Amino acid sequence: MASAMTDLSTVNNGKGRMLRLSLRRREALTALLFVSPITIGFLVFFFGPLIAVIGYSMLQWNLLTGEATFVGYANYADALRHNPDFWRVLRNSLVFAAGLVPLNMGLALLLALALHRPFRGVVFFRVIFFAPVVTSAVAWAIVWKFLLQGEAGALNEMLALMGIDGPNWLREPNWAMAAVIVTRVIKMVGLNMILYIAALQSIPRDYDSAARLEGASGWQIFRMITWPLLAPATLIISIVTVVGSLKVFDHIYLMTEGGPENGTLVLAFYIYQQAFEFFAIGYASALAVIMFVIAMALTLLQVYFRRKDRA
Amino acid sequence: MNPTETAAAQMVHKGPSHKRIRLITRVCWTSALLVVAVPFVFPFLWMVSSSLKSAAEIFGAPSLIPDRFLWSNFVEVFNYQPFARHYFNSIYISLSVTGLTLIIASLAGYALARMRFAGAGLIMLFLVSGLMVPEEVTIIPNFFLVRWLGLMDTHAPLILLPTFGSHGVMATFLMRQYFVALPKELEEAGTMDGLSRLGVWWKIALPMSRPALGAVAIITFLFSWNLFLEPLVFLSSLEKFTLPLSLANFTDAYGMPLWHLQLAATTLAVVPVLTIYVLAQRQIIESFALSGVKG
Numbered sequence: 001m002a003s004a005m006t007d008l009s010t011v012n013n014g015k016g017r018m019l020r021l022s023l024r025r026r027e028a029l030t031a032l033l034f035v036s037p038i039t040i041g042f043l044v045f046f047f048g049p050l051i052a053v054i055g056y057s058m059l060q061w062n063l064l065t066g067e068a069t070f071v072g073y074a075n076y077a078d079a080l081r082h083n084p085d086f087w088r089v090l091r092n093s094l095v096f097a098a099g100l101v102p103l104n105m106g107l108a109l110l111l112a113l114a115l116h117r118p119f120r121g122v123v124f125f126r127v128i129f130f131a132p133v134v135t136s137a138v139a140w141a142i143v144w145k146f147l148l149q150g151e152a153g154a155l156n157e158m159l160a161l162m163g164i165d166g167p168n169w170l171r172e173p174n175w176a177m178a179a180v181i182v183t184r185v186i187k188m189v190g191l192n193m194i195l196y197i198a199a200l201q202s203i204p205r206d207y208d209s210a211a212r213l214e215g216a217s218g219w220q221i222f223r224m225i226t227w228p229l230l231a232p233a234t235l236i237i238s239i240v241t242v243v244g245s246l247k248v249f250d251h252i253y254l255m256t257e258g259g260p261e262n263g264t265l266v267l268a269f270y271i272y273q274q275a276f277e278f279f280a281i282g283y284a285s286a287l288a289v290i291m292f293v294i295a296m297a298l299t300l301l302q303v304y305f306r307r308k309d310r311a
Numbered sequence: 001m002n003p004t005e006t007a008a009a010q011m012v013h014k015g016p017s018h019k020r021i022r023l024i025t026r027v028c029w030t031s032a033l034l035v036v037a038v039p040f041v042f043p044f045l046w047m048v049s050s051s052l053k054s055a056a057e058i059f060g061a062p063s064l065i066p067d068r069f070l071w072s073n074f075v076e077v078f079n080y081q082p083f084a085r086h087y088f089n090s091i092y093i094s095l096s097v098t099g100l101t102l103i104i105a106s107l108a109g110y111a112l113a114r115m116r117f118a119g120a121g122l123i124m125l126f127l128v129s130g131l132m133v134p135e136e137v138t139i140i141p142n143f144f145l146v147r148w149l150g151l152m153d154t155h156a157p158l159i160l161l162p163t164f165g166s167h168g169v170m171a172t173f174l175m176r177q178y179f180v181a182l183p184k185e186l187e188e189a190g191t192m193d194g195l196s197r198l199g200v201w202w203k204i205a206l207p208m209s210r211p212a213l214g215a216v217a218i219i220t221f222l223f224s225w226n227l228f229l230e231p232l233v234f235l236s237s238l239e240k241f242t243l244p245l246s247l248a249n250f251t252d253a254y255g256m257p258l259w260h261l262q263l264a265a266t267t268l269a270v271v272p273v274l275t276i277y278v279l280a281q282r283q284i285i286e287s288f289a290l291s292g293v294k295g
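Those protein sequence lines, which keep their order, are chains A and B. The opening residue of the first sequence carries number 1 in full-length UniProt numbering; numbering runs sequentially from there. The opening residue of the second sequence carries number 1 in full-length UniProt numbering; numbering runs sequentially from there.
No lab work stands behind these hints: they were computed from the structure. A couple of the hints might just be wrong.
SDA-like cross-link-like pairs, simulated, lysine to any residue; straight-line CA separation at most 25 Å [claimed, not checked]:
id: 1; chain 1: A; residue 1: K247; chain 2: A; residue 2: W219
id: 2; chain 1: B; residue 1: K184; chain 2: A; residue 2: R25
id: 3; chain 1: A; residue 1: K308; chain 2: B; residue 2: V128
id: 4; chain 1: A; residue 1: K308; chain 2: B; residue 2: P207
id: 5; chain 1: A; residue 1: K247; chain 2: B; residue 2: A217
id: 6; chain 1: A; residue 1: K247; chain 2: B; residue 2: K184
id: 7; chain 1: A; residue 1: K247; chain 2: B; residue 2: D153
id: 8; chain 1: B; residue 1: K184; chain 2: A; residue 2: L32
id: 9; chain 1: B; residue 1: K184; chain 2: A; residue 2: L29
id: 10; chain 1: A; residue 1: K247; chain 2: B; residue 2: L145
id: 11; chain 1: B; residue 1: K184; chain 2: A; residue 2: L33
id: 12; chain 1: B; residue 1: K184; chain 2: B; residue 2: S196
id: 13; chain 1: B; residue 1: K184; chain 2: A; residue 2: W219
id: 14; chain 1: B; residue 1: K203; chain 2: A; residue 2: R25
id: 15; chain 1: B; residue 1: K19; chain 2: A; residue 2: K247
id: 16; chain 1: B; residue 1: K203; chain 2: A; residue 2: V123
id: 17; chain 1: A; residue 1: K247; chain 2: B; residue 2: S166
id: 18; chain 1: B; residue 1: K19; chain 2: A; residue 2: W219
id: 19; chain 1: A; residue 1: K247; chain 2: B; residue 2: L245
Partner residues are not named here, just some residues of chain A that face chain B (Cβ under 8 Å, in silico) [claimed, not checked]:
id: 20; residue: V35
id: 21; residue: E157
id: 22; residue: F292
Since this is a predicted model, take the numbers as computed values, not measurements. The beta-carbon is built from N, C-alpha and C at its ideal position, and this holds for glycine as well.
Make a model of the complete structure from these sequences and hints.
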């Protein structure tokens, strides 16, 4: 806007204006060239597919005959009203998130509080707690599946030494869900720990030295000073962790395949299964749209809270 | 709260036995942390130890040190399936994704940070929309797109999707944020000396943003290296597999895992990454902190 005003003011000076306009046009053209690879690629491999999946979700599509008929919202009705699996899946995803998010964030915060200031060994511990984050989820899931076997699994062997008869972790619905949650927390908690450490280090130290001189206890300092100052970080971390919990696929695929008795069948895995194992393209697309709506709702919630936070 | 904090508190209220109390608190904290660290370290140790055991010993009494070190497992891994080929595939795909992302994200990030043009805001908003969307949402249409392009069972989708998907967008915003914070003077001097925008980007802006480029390179490489859903959907020929697919594929005819081979292969896949991680831990951890802060 401001630049348009300057254009008007130089309107009498015809020659200079032409020169400036062409310079500006060249600049704009260059900028468009710079942003075009990501913009076009994003359009083709993300935005286009996003629109397409909404279209697919209204089709009854037989992959073998290639026949597609428009069925309106029938796939959604199928999910929401007729297919009991869908509600089971949604409940599983909710249970997964409800277990993972508080456990992950609570542990991350505790570790960050213990490790945000230098002391001998601090790097050692940070490196250890972060190591699973850089490890491939597939490798992590394979090793934990091995550790959690019912017979001859290392965990049960060790429990047996203490006289405890461990369950067949991945074959009993409730234990399987717990096992997937806990192994995923151990895999990912390092990331949130690092984010909390960064947030804690940005709090000026004078705050709590002052409070200490006033005679505040450690817990009081945490509750009255540290925790409120961490609020913006907590908000961002919580939304990223909640949306991240929607994406759990590798762990489920490798450790339980959604079983036992659909006990760990979560949305991301259900979509994959319906689309690429049962070829129910229309139905799977409707599920994908539902997942998109959930992810968007959570993201908008973040934007809303951040705005409110700044105001 | 932690050893140094208690130490600071001790400085304020100097008691007679403050040295002893400090020592005890430190020992308590360190032991607590060591206990919490067990489930983080133990899987790696057990993985390495079991990868050296025979199939029979794996199901015998548990011990961290194998009875007999069966190094042949590591040879058999390469005979069971083209594991070296899979390793190579993963390396070259991850390097391609990293290189492409660095160029595309820093170009776009630079334009969005420094240049004025109509539609910049709109493009930003457009790109932001993809940041938080799980890849499962778009994987079905992408499957048909890739098939229509004739790229099924090739590595092209594994390079294109991460580069242009939400990860590429995140990299773009990371670069943009870094460029915004850089001082403009050097670039202006460059323009005076007759450099084009492309020249300024390449000769001045990029050399000044090495930390951001490093961070993007690290998280992008690991992102691509660990990708599982895309190879699973797009690849079918054994020799085209990437490492994560390969690891999941060490099974017998009934689909049951061949543990001694699977764990040996997993060890071969994980240990080099962990070694680099330990050597460059500072830089790697900071990269993730940077990428997370943009939230």
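Agreement of K308 of chain A and V128 of chain B with the hint, judged by alpha carbon distance not exceeding 25 Å: holds, 20 Å
Pairwise hint evaluation, V123 of chain A against K203 of chain B, where the allowed Cα distance is 25 Å at most: Not satisfied, since the Cα-Cα distance of roughly 36 Å exceeds 25 Å.
25 Å limit on alpha-carbon distance, applied to hinted pair K247 of chain A and L245 of chain B: holds, 18 Å
Restraint status (C-alpha distance of K203 of chain B to R25 of chain A at most 25 Å): holds, 23 Å
Hinted pair K247 of chain A and L145 of chain B, Cα distance within 25 Å: holds, 22 Å
Hint consistency between K184 of chain B and R25 of chain A [alpha-carbon to alpha-carbon, up to 25 Å]: holds, 21 Å
Restraint status (C-alpha distance of K308 of chain A to P207 of chain B at most 25 Å): violated, 38 Å
Hint status (Cβ of V35 of chain A to nearest Cβ of chain B, threshold 8 Å): holds, 4 Å
Hint consistency between K247 of chain A and K184 of chain B [alpha-carbon to alpha-carbon, up to 25 Å]: violated, 40 Å
Status of the hint placing E157 of chain A at chain B (closest C-beta pair under 8 Å): holds, 4 Å
Given hint W219 of chain A paired with K247 of chain A - CA-CA distance at most 25 Å: violated, 35 Å
Restraint check for K184 of chain B with L32 of chain A, where alpha carbons must lie at most 25 Å apart: Roughly 21 Å between the alpha carbons, so the hint for K184 of chain B and L32 of chain A holds.
Consistency with the previously given hints fails for numbers 1, 4, 6, 13, 15 and 16, ordered from lowest to highest.
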